[in-house]
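Quick note, the sequence shown lines up with residues 875 to 1493 if you use our numbering.
No lab work stands behind these hints, which were simulated from the structure alone.
Virtual Cβ for every residue (Gly too), placed ideally from N, Cα, C.
Hints may be right or wrong, so weigh each one.
Pairs of lysine to aspartate or glutamate residues, derived as EDC-like cross-links and limited to a Cα-Cα distance of at most 16 Å, are as follows [as the list claims (entries may be wrong)]:
hint: 1; residue 1: 923; residue 2: 890
hint: 2; residue 1: 923; residue 2: 884
hint: 3; residue 1: 988; residue 2: 972
hint: 4; residue 1: 1340; residue 2: 1236
hint: 5; residue 1: 901; residue 2: 877
hint: 6; residue 1: 961; residue 2: 910
hint: 7; residue 1: 1189; residue 2: 1217
hint: 8; residue 1: 988; residue 2: 1030
hint: 9; residue 1: 1189; residue 2: 1220
hint: 10; residue 1: 995; residue 2: 972
hint: 11; residue 1: 1053; residue 2: 1063
hint: 12; residue 1: 1474; residue 2: 1142
hint: 13; residue 1: 1051; residue 2: 1063
hint: 14; residue 1: 923; residue 2: 965
hint: 15; residue 1: 988; residue 2: 956
hint: 16; residue 1: 880; residue 2: 890
hint: 17; residue 1: 1189; residue 2: 1177
hint: 18; residue 1: 988; residue 2: 953
hint: 19; residue 1: 995; residue 2: 1022
hint: 20; residue 1: 1340; residue 2: 1160
hint: 21; residue 1: 995; residue 2: 956
hint: 22; residue 1: 1181; residue 2: 1220
hint: 23; residue 1: 923; residue 2: 953
hint: 24; residue 1: 880; residue 2: 910
hint: 25; residue 1: 1003; residue 2: 965
hint: 26; residue 1: 1056; residue 2: 1098
hint: 27; residue 1: 923; residue 2: 889
hint: 28; residue 1: 1340; residue 2: 1458
hint: 29; residue 1: 995; residue 2: 949
hint: 30; residue 1: 901; residue 2: 949
hint: 31; residue 1: 961; residue 2: 928
hint: 32; residue 1: 988; residue 2: 965
Taking CB as the label site, the calculated pair distances span [said to hold, decoys possible]:
hint: 33; residue 1: 1159; residue 2: 1041; range: 56 to 62 Å
hint: 34; residue 1: 1037; residue 2: 909; range: 24 to 30 Å
hint: 35; residue 1: 1414; residue 2: 1141; range: 24 to 30 Å
hint: 36; residue 1: 946; residue 2: 923; range: 24 to 30 Å
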Amino acid sequence: MDDYLKRLAEAQNIDEVTALIDRLVQKARGGSAPRDQRRLFIRRLVLNKALLRDLQTHAAIDHLFVALTPEMWTELFADAVERELPKVLVDVVNWQTDVDHRQLLRLVPNSDPKVLFAMIKSLSAHIDKQEGSARRLGGMRTARIMADLYGLMVRDAGAWRRRSPPPCRIDGERIAKLKEDKALDQLAEAYETRINQLQRIDLRRSLADLGEERDAAPRMAESDFNRTFLVESPLRIGISSANASDNHMRSKEQGGKTLNIGIDLQMEGEEHTSPPLTVTARRLAEPKLILRSLSMDFKADFEASSKGDEATQSKLFFAYRRGGDEALRLVKQALVHVGIVRDHSDAIVSDVAAFTGGGGLELVTSSKVQRGSGLGTSSILAAAVLKVLYRLSNHGYGNIENEYPGLYDQSVLLEQSFGLNSGWQDARGACGGPSAIKDFHAPPTDGLPAPERQFLSGIDESLFAKRVVLFDTGISRAATRGLNEVLDAYLTRDPHRYPAIRESLDIHDRMVQALQQGSYGQLGNLSARYWQLRCILDPGATSKALQHLFEHPSLTDLSEGGLITGAGGGGFALLIARGGREDELRQALTALRKMAPYAKSSVVSYSLNRTGISLSERP
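Using the sequences and the accompanying hints, generate a full structural model.
Given below as structure tokens:
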């Protein structure tokens, strides 16, 4: 039997494993498989490296239950499951093992509450021993498992008569109260909610040191009193993020990869391309605060002065924290972030006056694209606003001549301060030029990812802009939903969705190579496959209208392939035109305006931007 278990651990494919399963079934039926060896069988099967590599553990378990009836499995392996599976589940979390925990729960005979409770206790004890990011990140996967465990437990009304749900350091106040009240029917949902909370907690902890470096009371230099500053910024075409490998948990545990192109845009009625995001800032002689958004669908104004009631104006300023005011909330929070306005201040005009030497401040933002474009608008705008505010504050992040990398980390911190869950690399996509951010990785500690940014050289920019067609679908999208779907696929290691993440990482490397070689046919094929994988990960990323772009013969004959930028669901699309048919593709896309879903669509002219976020003085 020892030789058999060794062979099971070393088996190289699903066929070898299933043959060994059949052999074990025969031995177990004949009574020649001792208890300890049955326990080891469960461990060797679940943690077989070849099965994990090929994501075939679920197939092996499928075969197991073909070879054994549920009754026979209970009779022969119930004790082994109870003793071994709780420990195996801890190893799955601790080693970041690529196996779907829901497949392991199938091994629990009749979803026995005693075994499920042992799993809960084992996971809770393990997480309680962890510290820092190791606990919070491991806790996210644990919370996902807990949700399913408690979901199974509530099926048995008497399961908790002699037991109390154990406390756990990842629980949070809501879960602790539910456990105290034994509101077991609500625990599954509560743990699912807790996952994103833990991610935000860990992200804020990772960024905490950045906040400690800020000057609590900056002052504007008198030499800047009569100057107007202008920040101009590109947006970015996100050709690949390896399907959200840059999300916080994935990038810290296993690293991530992205491929961005910084672009300027030429919208309808404009004569040439220009940076699509601008921010202007100037001191006002009178003590007042004027904020304006002139963005495409994001127009808003806020004004406060010394002539008005300070308390009322301050209350209106901070109303964005209670919802609404999306157009100006980023700018308002940026003023707090930099220290110009005190957090929870009841005298914002006085704060501004103290910063400007008795004067006021005007900030105007503008964007050529609407929200949900998939071009990194919010993250890049955050960096642009911070750039000019840090310049006014005489902070190194706002240096006119040099781009300071810490500015991008500050933009992440700013977004997180009011709950936006963007990728680590989003703002870095505005650094200018084609850039691949590779090995976007940090160990699971209380620290920041340390991306290695590689600028791609030798790209024919005019050929790129000719072959790669940028199409504004005019369809709005919700990025957060898509990010949550990808996170769930990663946490569960769903055998139907998780392989898409793995394949996306490989496709990313081939995309970079195709772009560098000018192989647009290959880039189109890879983009098409990448988009298919995105839709596997998140079916909500697509729709009948969006699939029209990639499946209708009138377009597929003219295109090598394409994708929706960002999280999908709408926004901008990229289509790789076939050589010599670029104008035909643009004409066909323009004609889509006759279709109701594309009534607001347009083909957008662009050029590559190599400058990145720039700051200058205006006359």
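Hints, verified against the model:
1. 923 / 890: Since the Cα atoms of residue 923 and residue 890 sit roughly 13 Å apart, the hinted pair holds (cutoff 16 Å).
2. 923 / 884: holds, 8 Å
3. 988 / 972: violated, 26 Å
4. 1340 / 1236: Violated. Residue 1340 to residue 1236 sits at ~40 Å, over the 16 Å cutoff.
5. 901 / 877: holds, 13 Å
6. 961 / 910: Holds: residue 961 and residue 910 sit about 14 Å apart, inside 16 Å.
7. 1189 / 1217: holds, 12 Å
8. 988 / 1030: OK: residue 988 and residue 1030 at ~11 Å, within 16 Å.
9. 1189 / 1220: Given that 16 Å is the threshold and the Cα spacing comes to 7 Å, the pair holds.
10. 995 / 972: Since the Cα atoms of residue 995 and residue 972 sit roughly 22 Å apart, the hinted pair is violated (cutoff 16 Å).
11. 1053 / 1063: holds, 13 Å
12. 1474 / 1142: holds, 12 Å
13. 1051 / 1063: holds, 14 Å
14. 923 / 965: At roughly 13 Å apart (the allowed maximum being 16 Å), residue 965 and residue 923 satisfy the hint.
15. 988 / 956: holds, 8 Å
16. 880 / 890: Measuring from Cα to Cα gives roughly 12 Å; hence the hint holds.
17. 1189 / 1177: Within the cut-off at roughly 12 Å; holds.
18. 988 / 953: Roughly 11 Å separates the two Cα atoms, so the pair holds.
19. 995 / 1022: Answer holds: residue 995 to residue 1022 is near 14 Å, not above 16 Å.
20. 1340 / 1160: violated, 50 Å
21. 995 / 956: With Cα atoms ~12 Å apart, residue 995 and residue 956 stay inside 16 Å; holds.
22. 1181 / 1220: With Cα atoms ~15 Å apart, residue 1181 and residue 1220 stay inside 16 Å; holds.
23. 923 / 953: violated, 25 Å
24. 880 / 910: Distance of about 14 Å is within 16 Å: holds.
25. 1003 / 965: holds, 14 Å
26. 1056 / 1098: Between residue 1056 and residue 1098 the Cα gap is close to 62 Å, so the pair fails against 16 Å, i.e. violated.
27. 923 / 889: holds, 14 Å
28. 1340 / 1458: holds, 12 Å
29. 995 / 949: Violated. Residue 995 to residue 949 sits at ~24 Å, over the 16 Å cutoff.
30. 901 / 949: holds, 14 Å
31. 961 / 928: violated, 23 Å
32. 988 / 965: violated, 20 Å
33. 1159 / 1041: 56 to 62 Å: Cβ of residue 1159 to Cβ of residue 1041: about 59 Å, so the range 56 to 62 Å holds.
34. 1037 / 909: 24 to 30 Å: Between residue 1037 and residue 909, where Cβ atoms are some 25 Å apart, the hint holds.
35. 1414 / 1141: 24 to 30 Å: Distance hint for residue 1414, residue 1141 holds at roughly 28 Å.
36. 946 / 923: 24 to 30 Å: Holds: the Cβ-Cβ distance is about 28 Å, inside 24 to 30 Å.
Violated hints for the displayed structure, listed by number in ascending order: 3, 4, 10, 20, 23, 26, 29, 31 and 32.
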